[in-house]
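Using the sequences and the hints, build the whole thing.
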Amino acid sequence: MARPEQVLVLEPQHELKFRGPFTDVITATLKLTNPTERNVCFKVKTTAPRRYCVRPNSGVIDAGTSINVSVMLQPFDYDPNEKSKHKFMVQSMLAPYDMTDMEGVWKEAKPEELMDSKLRCTFEMPVENDKTTEHSALPKSASASLDDGEVKKIMEECKRLQMEVQRLREENKQIREDDGLRKRKVTSLAASHSSSSSAMATSAMRDEGLSTRVLALCVLFFVIGVIIGKLAL
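Numbered per numbering that gives the first Met the number 0, the sequence shown spans residues 0 to 232.
The set of hints was computed from the structure by calculation and includes no laboratory data. This one's a predicted model, so the numbers in the text were calculated from it and none came from an experiment. A hint or two may mislead.
[Unchecked claim] The list that follows gives simulated cross-link-like pairs (lysine to aspartate or glutamate, EDC-like), each with its CA atoms no further than 20 Å apart:
#1 Lys117 x Asp76
#2 Lys84 x Glu123
#3 Lys44 x Glu10
#4 Lys86 x Glu107
#5 Lys82 x Glu111
#6 Lys44 x Glu107
#7 Lys158 x Asp178
#8 Lys44 x Glu112
#9 Lys30 x Asp61
#10 Lys158 x Glu170
#11 Lys42 x Glu107
#12 Lys30 x Glu169
#13 Lys44 x Glu102
#14 Lys86 x Asp76
#15 Lys42 x Asp61
#16 Lys42 x Glu111
What follows is the structure in structure tokens.
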């Protein structure tokens, strides 16, 4: 008995494209849409499981809804002469109304209940003129492939980093204020020390001048005394 036709709508339909350079993780998004009135179980399989990370790789798509599957190619040494032989298969089946264990459903599924679609992988290297465009488009592509949980984590991390930057700015401002206060204290102490030294020097000069005058007076009185003594004789 032939297998039923795939009920899920795949975007892209036949091919997953990965554009280099392949020095980092490259993500392609596979959109699965369930246009039916039944819930559909799905699995995503690949011929090269060590080269790809798929999230989510299985689950249930509710009736009339869609889900984005992120297919992440791990970094590798790209050889343009080597053709990709990697393939993916999306396997699906209508979910039983009384389903409680999805793994059990897959184990008990009959071959005629399974539907599948196959996609091949292609690798492309950007030309030199497209590198700038590619770099500007990467953040948008990466954000499109993230689920809500990952986006939330990234936003929380950005918020934490902003708070850390603000804290460092406040610490830097406080350090500058403390440094300015320290410099003013040093300047004040230096000025005070200079004034004290000047006062001491002035006092010393005054004491030296006073001693000189006293000595001069003593000499004068001695001379006058000698003259008076001679006159008395």
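Quiz item: Between Lys30 and Glu169, does the CA-CA distance stay at or below 20 Å?
Solution: The given pair, whose Cα atoms are some 46 Å apart, is violated under the 20 Å limit.
Practice problem: Would you mind confirming whether the straight-line C-alpha gap from Lys158 to Glu170 stays at or under 20 Å? | Solution: Satisfied, since the Cα-Cα distance of roughly 18 Å is no more than 20 Å.
Quiz prompt | 20 Å Cα cutoff - pair Lys42, Glu107 | solution = This hinted pair holds, its Cα atoms lying about 15 Å apart.
Quiz item: Are Lys44 and Glu102 close enough, with their CA atoms no more than 20 Å apart?
Solution: holds (15 Å)
Quiz item: When you check the alpha-carbon spacing of Lys44 and Glu10, does it fall within 20 Å?
Solution: It holds: about 16 Å lies between the C-alpha atoms, which stays within 20 Å.
Practice problem: Would you check the hint for Lys42 and Glu111, treating anything up to 20 Å between C-alpha atoms as holding? | Solution: holds (16 Å)
Quiz item: Does Lys86 pair with Glu107 here, judged by a C-alpha cut-off of 20 Å?
Solution: violated (26 Å)
Quiz prompt | Holds or violated: Lys117 to Asp76, with C-alpha atoms at most 20 Å apart | solution = Violated - the C-alpha atoms of Asp76 and Lys117 are around 25 Å apart, more than 20 Å.
Quiz item: Is Lys44 within 20 Å of Glu107, Cα to Cα?
Solution: holds (18 Å)
Quiz item: Is the hinted pair Lys30 and Asp61 satisfied, with a Cα-Cα distance of at most 20 Å?
Solution: This hinted pair holds, its Cα atoms lying about 14 Å apart.
Quiz prompt | Holds or violated: Lys44 to Glu112, with C-alpha atoms at most 20 Å apart | solution = holds (17 Å)
Quiz item: CA of Lys84 to CA of Glu123, is that 20 Å or under?
Solution: holds (14 Å)
Hint compliance for this structure: hints 1, 4, 5, 7, 12 are not met, and every other hint is.
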